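Asks: Spelled out, the chains give:
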Amino acid sequence: MLKNLSSTFAKTLNFLVPSLVGAMFFFAIIGVFGLRIAVAGLLVAVIGAVVLVRRVPAEGGSR
Amino acid sequence: MDMPLLCAGFAALSVTFYVLLDGFDLGVGALLLLQPHEPSRDHMVDSITPTWDGNETWLIMTGVTLLAAFPIAYGILMPALYIPIIVMLLALGLRGVSFEFRAQMKPYRRRWDVIFAIGSLTAACMQGLILGAMIEGISVDGVAFSGSVFDCFRPFPWLCALCVLEGYVVLGGCWLQFKTSAPLHGFSVRVLRITLPLFLLMFCIAAGTSFFIQPGIQTAWQAHPLLLGTLSCTLLIAALILFCCIGKRPDIRPLAAAMVMIAAGIAGLAILVFPMVVPFRVSIWSASSSRLSQIFVLAGAIVVTPVVLGYSFFAYWIFRGKTPKKGWGGGYE
Amino acid sequence: MSLNPATLARVQFAFTVSFHIIFPTMSIGLAMFLAVIEGLWLKTRDALYLQIYRFWLSIFAMGFGVGVVTGIVLSFEFGLGFAKFAQLAGPAIGPMIALEVLTSFFLEAGFLGIMLFGMHRVGPKLHFFATCMVALGTLLSASWILSANSWMQTPDGVVVRNGRLVVVNWWHVLNNPSWLFRLPHMLSAAYLTASFLVAGVGAWYLLRGKHLAFAKKSVALGTAFATVLIAGQVFIGDLLYGKMLKYQPPKMQAAEGFWAKESTSPAPYYWVILPDQKEQRNRFALGIPYLGSIWLTHSLHGRVEGLKNTPPDRQPIMGMVFYGFRIMYGIAILMFAVATSSLWLRWKHRLYTTTWFLRFLVAMTPSGIIATLGGWYVAETGRQPWVIFGLLRTIDAVSPVPAQTLLATLIAFVCIYTLFMAAFLFFVVRIIRRGPDSAPAHAEASGSLKNAFRPQVLDNVNANAAAGR
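Protein chains in written order, with the working numbering: chain A, 223 to 285; chain B, 44 to 376; chain C, 52 to 520.
Derived by calculation from the structure, the hints in this document are not laboratory data.
These numbers were taken from a predicted model, which means no experiment stands behind them.
Virtual Cβ for every residue (Gly too), placed ideally from N, Cα, C.
One or more of the hints may lead you astray.
According to the in silico footprint, chain A covers these stretches of chain C (three or more CB under 8 Å from chain A) [as the list claims (entries may be wrong)]:
#	segment
1	277-288
2	345-356
3	387-393
4	400-409
Cross-link-like lysine-lysine pairs, in silico, DSS-like; alpha carbons within 27 Å at most [unchecked claim]:
#	chain 1	residue 1	chain 2	residue 2
5	C	K359	C	K294
6	B	K291	B	K368
7	C	K267	A	K233
8	C	K297	C	K359
9	A	K233	C	K399
10	C	K267	C	K399
Let the sequences and hints guide you as you build the complete structure.
Replies: Below, the structure written as C-alpha cells:
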C-alpha cells in the first residue's frame, strides 16, 4: 500500500512499525497496563509468533 | 531404626568404593612419572581411560552425605581440612583437564602426562594427609573448629600421606599387572616388588605411631581387641598373598588381594573411630541433622547407588581383558 | 578489596559459583534443545536435524563435564568458606543439595553415556528416550538447587530452637514462597541461552557464506525459540519482581537506584548511577524520565521505594544489585528486540539476508550467559547482608579460616579455572571452525566410559575380548 515514497521514508517506517509494536507488547507483558493485559499480550505474542514461524517462509519461498 | 548409624554406614560405604576404585587410577597416574617410554605411558593411560572419571562420584556422595546427614561434622571438618581439601579438588580437576588436553594435543603429550601424574600424586597425598589429620585429632570447641588451618601439616599426617600414596601405587601396580601385557607387565611386577614392602613398612610405622599420639586408638583397641586383631591379620595375610602372586598368573589375584588388604585397612579404621564422625571428638549422634533429613538422603541413596554400581560394573565388564597395545582405537581428528 | 576473611570468603565463593553457573545454564538449555532437535529428526527424517544434533552434542558434552568438575568444588565449598552456614542450614537444605547431586549421578550413570555415544549402538527410539531423560534430569537437578537457594532467599518451614534450625514443615521448606517463580525464570534463562548460542553460530556461518543449510536452520530455530521464550521470561520476571518486593524489599529497593524513602514523582528509570553507600545518595544518576513510574509502579506519577526504607545495617550494596539488574534487564530488552526483528524480517522474507541483523545475532551469542550471571548477582548480592534472609548474616556464617589462606586458595582457583575455560573455549572454537560437516557422530570427550561407546572403540573391545586376552 506504499505509494511512490522516497526510500528513506520507507526505511523509517520499516524501523518504526516493528519498534513501536514491539515496545507496546513489551510494556503490556511486563504489566504496565495490569495483569490481564499482560496475560493477553503474552498469549497474543506467543501464539502470533508460533503461527508466523510455521506459516511464513523466512526467505523468498525457499529454505 | 538408627538413622545416624545408617547414614554413617552409607558414608563409610561411599568412602570405601571411592578408595578402591579411584585408588588404582591415582596410582597409575602417579606411576606415569616412573615410566620414561612414551608408548608404555600411553598404554598405562589407556588402561584407566574407560572408567577413571566415574569413580569420583563416590567422593562427592561422601561429601554431600556429610552435609545433609551430619552438618555439624561437615562444618567442623571442612575448615579444619581446608587446605588439603582444596588442593585435592584442584588436583582432581587438573587431572581431568590434562587428560583431555593430552589426548587432543599429541605434540605436548609428555607435558600433559607429567601434569596428569602430578595431579594424581597430589590428590593421593592430600587424601592421606586428611586421614592423618583426622586421626591425630581436630581441635573442636563446642561445634566449631578451633584450631589453625595449618594444624594438618604435622609429621604424622605427612606420614599418612606417603602411606596412602604408596597404597594407591600398590593398587595401581596391581591394576597394571591385571590389564597390561609385556613390557608393562614386567614394569608393574618390578614396581610391586618394591612398593608393596614399602607400603607395609609405612603402614606399620603409621599404625604404631598412631597408637602413641592418639589415645582414642588405644581405647578402641582395648574395646574391640578381637575384631581389630582379626582385621589386622586379614590385612597382613592379604599382603602376603599379594606378595606371592606378583607376576604370577592369574593376573587378577594381586589386584584382588590388594583390594582385600585395603578394604581391611578401611574397616579397621572405621572400627577405630566409631562412633565418632569427627574422630575422636564428635559422635555421629551429636553431629546429626534431623531424622527426616537423614531419611531423605538415605532414600535417594538407596535408589541411586544400585544404578551407579550397576552402570560401573557394566563399564568394567565391557572393558574386560587386557588393554590392547594400540589403545582403544578411535583416533582424534 | 580488604584482607578481611569474610570478604575473601565471599569473593572466592562468588568466583567459583559464577564460573560454575555458566556451564549448567548451557547444559540445561542445550539438553532441551537437543531433545527437540532429535524429536524433529525422528519425525521428519531430515538429515539436517541430525547434523545439528551432532554439532551441538560435542559442545554439550564438554560443557557438562566442566559443570560437573566445578560443581564438585561447590559441594565442598559451602563448608570450606561458610562452615557455620552449613551447620545451621544443613538440616533444611542439605537433603535438597544431596538430592540434586544424586539426580545428576542417576542421569549421568544411566543415560548420558547412551546419549553421547550410543547413537549406533542402540535403536533410535531408545536413544531419543535417553536424550529426553538427560533433558529431564538437568531440569530436575536445577529444581532441587533452585529450591535450596530460594529457601535461602525466602526461608520457610523452620523455627530456631537452641541456636539450631528445626524443620517444622518440609513442604514449606521445599515449596518456599519464591521457588516456583524462580524456577521457571532460571529454566527460561537456560533455554534462552541455548537459543542465542544456536542462532549466533548460525548467523556466523551465514555471514561467511558457509554451511548454508545448517546456518539457516539454526537461525530459524534459534530465533523462533528465543521469541517465544523471551516473551514468557519478561512476564515471569515481572511476577517474580513483585514477589521479591514483598518478601525481600531491600533487594528491590537497591535494584532501582533510589535512596530516598519515596522517590520523586514522576520517577525516572535509572540506567547509570554512581552510588555512595556511606552517604546514602547517588553522586550521579542518569535515567529516562517518567519510565521509572511507568515500569515500576504501573502509573505515570507513582513514587518508588528507596533503599533508605531499610536500616543501613541491613542494606545490600546498591552498586552491585543495581548493575546486576540493569545488565540482566538490558539484555532482556535486547533479546526482545531480536525477537521482534526476527518476526518482522520473517514477515518480509529477509531473515537470512539482513546483514545488520545477522551481526546483531552474532553479538548476542553469549547474551544468555551474561544475563544469567547478572540475574544471579542481583539474587545473591541483593540478599546481603544475609545468607539466609532474616535468619543468618553472611559475616556470622564464615569459616574460621585466616585471610591469607583464603587469598591463596582464591588465586589458585582463578588460575586453574582459567585453564578449564581455556580448554573449553579451545574445543568449542575448534568445533565451530571445522563446521557441522565434520561433526563426529559421537562426542569427542576422551576420558571415561562414555568414550567407550564409540563404534571404533567398541569394535576394538569386542575383538579384544574375542581374542581372549
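Asks: All the hints need checking, so say for each whether the structure fits it.
Replies: Right, here's what the structure says about each hint:
1. Proximity of the segment 277-288 of chain C to chain A, defined as three or more residues with a beta carbon under 8 Å from a beta carbon of that chain, is established by the 7 residues found.
2. By the rule of at least three residues with a Cβ nearer than 8 Å to a Cβ of chain A, the coverage given for the segment 345-356 of chain C holds, with 3 such residues.
3. Requiring three or more residues with a Cβ within less than 8 Å of a Cβ of chain A, the coverage given for the segment 387-393 of chain C holds, as 5 such residues are present.
4. Check on the segment 400-409 of chain C: 5 of its residues sit with their Cβ under 8 Å from a Cβ of chain A, so the three-residue criterion for coverage holds.
5. This hinted pair checks out: C:K359 and C:K294 have alpha carbons roughly 20 Å apart, not beyond 27 Å.
6. Restraint check for B:K291 and B:K368: satisfied, since their Cα atoms lie roughly 20 Å apart, inside the 27 Å limit.
7. At roughly 25 Å between alpha-carbon atoms, C:K267 and A:K233 fall within 27 Å of each other, so this suggested pair holds.
8. Between C:K297 and C:K359 the CA atoms are separated by roughly 16 Å; this keeps the pair inside 27 Å, and the hint holds.
9. Taken as a hint, the A:K233 and C:K399 pair is honoured in the structure, with Cα atoms around 13 Å apart against an allowance of 27 Å.
10. With a CA separation close to 16 Å, the supplied pair C:K267 and C:K399 stays within the 27 Å bound.
In terms of the numbered hints stated before, the structure departs from none.
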